[in-house]
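Could you build all of it, start to finish, from the sequences and the hints given here?
Spelled out, the chains give:
Protein chains: 2
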Amino acid sequence: MSSYRDAGVDIDAGEELVRRIKPWCAATRTENVLGGIGLFGGFFRAHFPDMTDPVLVSSVDGVGTKLRVAREAGVHHTVGQDLVNHCVDDILACGARPLFFLDYFATGHLDVDVAAQVIHGFTVACQENGCALIGGETAEMPGFYATGDYDMSGTIVGVVDRARVVDGRSIQAGDQLLALPSTGLHTNGYSLARRALFELGGLGLDHRMDDGRSLADALLAVHRSYLHPVQALLNQVEVRGISHITGGGMVGNTRRILPQGLDLALDRQAWEWPEIFRLVQRCGAVPDEEMERAFNLGIGMVLILAPGEVERAEALLAGMGERPLRLGHVVKA
Amino acid sequence: MSSYRDAGVDIDAGEELVRRIKPWCAATRTENVLGGIGLFGGFFRAHFPDMTDPVLVSSVDGVGTKLRVAREAGVHHTVGQDLVNHCVDDILACGARPLFFLDYFATGHLDVDVAAQVIHGFTVACQENGCALIGGETAEMPGFYATGDYDMSGTIVGVVDRARVVDGRSIQAGDQLLALPSTGLHTNGYSLARRALFELGGLGLDHRMDDGRSLADALLAVHRSYLHPVQALLNQVEVRGISHITGGGMVGNTRRILPQGLDLALDRQAWEWPEIFRLVQRCGAVPDEEMERAFNLGIGMVLILAPGEVERAEALLAGMGERPLRLGHVVKA
Numbered sequence: 001m002s003s004y005r006d007a008g009v010d011i012d013a014g015e016e017l018v019r020r021i022k023p024w025c026a027a028t029r030t031e032n033v034l035g036g037i038g039l040f041g042g043f044f045r046a047h048f049p050d051m052t053d054p055v056l057v058s059s060v061d062g063v064g065t066k067l068r069v070a071r072e073a074g075v076h077h078t079v080g081q082d083l084v085n086h087c088v089d090d091i092l093a094c095g096a097r098p099l100f101f102l103d104y105f106a107t108g109h110l111d112v113d114v115a116a117q118v119i120h121g122f123t124v125a126c127q128e129n130g131c132a133l134i135g136g137e138t139a140e141m142p143g144f145y146a147t148g149d150y151d152m153s154g155t156i157v158g159v160v161d162r163a164r165v166v167d168g169r170s171i172q173a174g175d176q177l178l179a180l181p182s183t184g185l186h187t188n189g190y191s192l193a194r195r196a197l198f199e200l201g202g203l204g205l206d207h208r209m210d211d212g213r214s215l216a217d218a219l220l221a222v223h224r225s226y227l228h229p230v231q232a233l234l235n236q237v238e239v240r241g242i243s244h245i246t247g248g249g250m251v252g253n254t255r256r257i258l259p260q261g262l263d264l265a266l267d268r269q270a271w272e273w274p275e276i277f278r279l280v281q282r283c284g285a286v287p288d289e290e291m292e293r294a295f296n297l298g299i300g301m302v303l304i305l306a307p308g309e310v311e312r313a314e315a316l317l318a319g320m321g322e323r324p325l326r327l328g329h330v331v332k333a
Numbered sequence: 001m002s003s004y005r006d007a008g009v010d011i012d013a014g015e016e017l018v019r020r021i022k023p024w025c026a027a028t029r030t031e032n033v034l035g036g037i038g039l040f041g042g043f044f045r046a047h048f049p050d051m052t053d054p055v056l057v058s059s060v061d062g063v064g065t066k067l068r069v070a071r072e073a074g075v076h077h078t079v080g081q082d083l084v085n086h087c088v089d090d091i092l093a094c095g096a097r098p099l100f101f102l103d104y105f106a107t108g109h110l111d112v113d114v115a116a117q118v119i120h121g122f123t124v125a126c127q128e129n130g131c132a133l134i135g136g137e138t139a140e141m142p143g144f145y146a147t148g149d150y151d152m153s154g155t156i157v158g159v160v161d162r163a164r165v166v167d168g169r170s171i172q173a174g175d176q177l178l179a180l181p182s183t184g185l186h187t188n189g190y191s192l193a194r195r196a197l198f199e200l201g202g203l204g205l206d207h208r209m210d211d212g213r214s215l216a217d218a219l220l221a222v223h224r225s226y227l228h229p230v231q232a233l234l235n236q237v238e239v240r241g242i243s244h245i246t247g248g249g250m251v252g253n254t255r256r257i258l259p260q261g262l263d264l265a266l267d268r269q270a271w272e273w274p275e276i277f278r279l280v281q282r283c284g285a286v287p288d289e290e291m292e293r294a295f296n297l298g299i300g301m302v303l304i305l306a307p308g309e310v311e312r313a314e315a316l317l318a319g320m321g322e323r324p325l326r327l328g329h330v331v332k333a
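As you go down the protein sequences, you meet chains A and B in turn.
Numbered according to this note's numbering, the first sequence spans residues 1 to 333.
Numbered according to this note's numbering, the second sequence spans residues 1 to 333.
Heads up, some of the hints might be wrong.
[What the hints assert, rightly or not] To give an idea of the interface, some chain B residues facing chain A are shown, with a C-beta separation under 7 Å as derived from the structure:
#1 ALA46
#2 VAL55
#3 VAL60
#4 ARG255
[As the list claims (entries may be wrong)] Within a straight-line C-alpha distance of at most 20 Å, the following computed SDA-like cross-link-like pairs (lysine to any residue) qualify:
#5 B:LYS22 / A:ARG256
#6 B:LYS22 / A:GLY248
#7 A:LYS22 / B:ARG256
#8 A:LYS22 / B:GLY248
#9 A:LYS332 / A:LEU262
#10 B:LYS332 / B:LEU264
Note that these hints are calculated values from the structure, not bench results.
Note that beta-carbon positions come from the ideal geometry of N, C-alpha and C, so glycine has one too.
Given below as structure tokens:
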């Protein structure tokens, strides 16, 4: 006699998880969310009275093999925050503010405590970004994930008025690059970093860096959301392009928003690679070119501004506690 | 000297995949999609001139361990269709029609041919449902998935006018259940089915069923979309509740849309379990109760209608080639 539980799927654990996360999800509700949890879909009123031609902007992401670091460190709420913030930053790069988020969490055997930690992380970041968690799927897939492993993805939907979409089209030669620092690797380059640090470098998660943090803390530093400073900037300064620095690195991600015929002239002396990146490079003997392609190297978001806007933008950002960096400018290719 | 490729991540393969799928994705574009692929987000105009109070309805899903059957059979486009149709049916159960879809595809080592087949499946189903594929994330996660394995999730966003949301609130005792047949297991119960058929039953994917199909074909039958018949019905008949039969089975899914104080009175003689379910039960000696909880048992969607609407609904559905079944009715609990 065989049952779903014998086959490795525990419907009761799934129900226990839903009970546990329900109040956290409810706390992320915003005024346009309708209905409760437990129906077949999440409901959100498409009610944007302050916009002339509202455009929904959406993005889907994962956090990659940063999950392996989370598992090894036994810390699961930060990767939940990473995922939401990554999504927020992606649509922010289009000028959009977040409306709602949905998650997918898959594992071999559902550990309710671990899943609850991850999902708690989603709800913390959702609240910080004024974004409602309105749907999720938890999949128990015996045989697909090693014990203790899980994967997840998140989808965000935001909105921007059409006239205020940021898409890089108005970028011109001479425009300036202003960058906001990252908090660490964010969610990119972890396969390479883990190989360099742990396999080749022989370091452990408890290795102390010069700045006093453990390697675990440095690697799990939360992918930050740039929503609040960048939204404030968008309200007061003409921002011609925004690049969220993810896989492909600073150059790869920033180049793809430039109109044809333009290129970047970077001032590579403008910033120093944070310690974690220097450590990865040293342990793995990773060439500069590869480092630039795989990592953000300390730059999380790049704003492209008309030259006359830079000082005002810097002052505004500094007033919000940011430390913007001048990275270079746009040139004819 | 270490590189991202040495660490198991092949950025070039990812770019090759994007090149390959681009025209398929472009073919799913609908009139409200803005911009192209390659920016940080997908753009969709929130322009619903035929609605008074448009509500966005969203859902996220996976296809579970049906993926293992796909891998073993070497057939990857059907699971892509499964995922989209599953999402379409979830929001259809709220009365919504689909607008756009985003996918997440994760694997240990990116096989461009396999990923392209899966994504082609997404685009086929998106086109059938008038739904634009406007975003996706492909994650190469060395060490997370066994060779040849992959996981995926999909998120759909649709829309319904608020006055036409189907949420079960108006269901009353005496209302009738009208069901639409499933095409097979759809996307639920695969861990139990595989254990029963392959481990306990000793069958192979090439086992011939009485209906002439191989077990592979029966297990990979595409989770159908009910969009076209049910949308037509929603335009002409008052539908009080819709239940998409997924994990939890027919009773579990239909009960959760009933107002408090009501229950289901099922006519279990109204339909026969299709062969694939009888085979699973026989091979695995699975109790009836467990079968009902894990599988749709031949019922893909249940519509709840006022008694006076049933005949008209049956005629309408039959006119579109459907074979609706009367399953029973709603009673006081």
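Verification of the hints:
no.	hint	result
1	ALA46	holds, 4 Å
2	VAL55	holds, 5 Å
3	VAL60	holds, 4 Å
4	ARG255	violated, 11 Å
5	B:LYS22 / A:ARG256	holds, 16 Å
6	B:LYS22 / A:GLY248	holds, 19 Å
7	A:LYS22 / B:ARG256	holds, 16 Å
8	A:LYS22 / B:GLY248	holds, 19 Å
9	A:LYS332 / A:LEU262	holds, 4 Å
10	B:LYS332 / B:LEU264	holds, 8 Å
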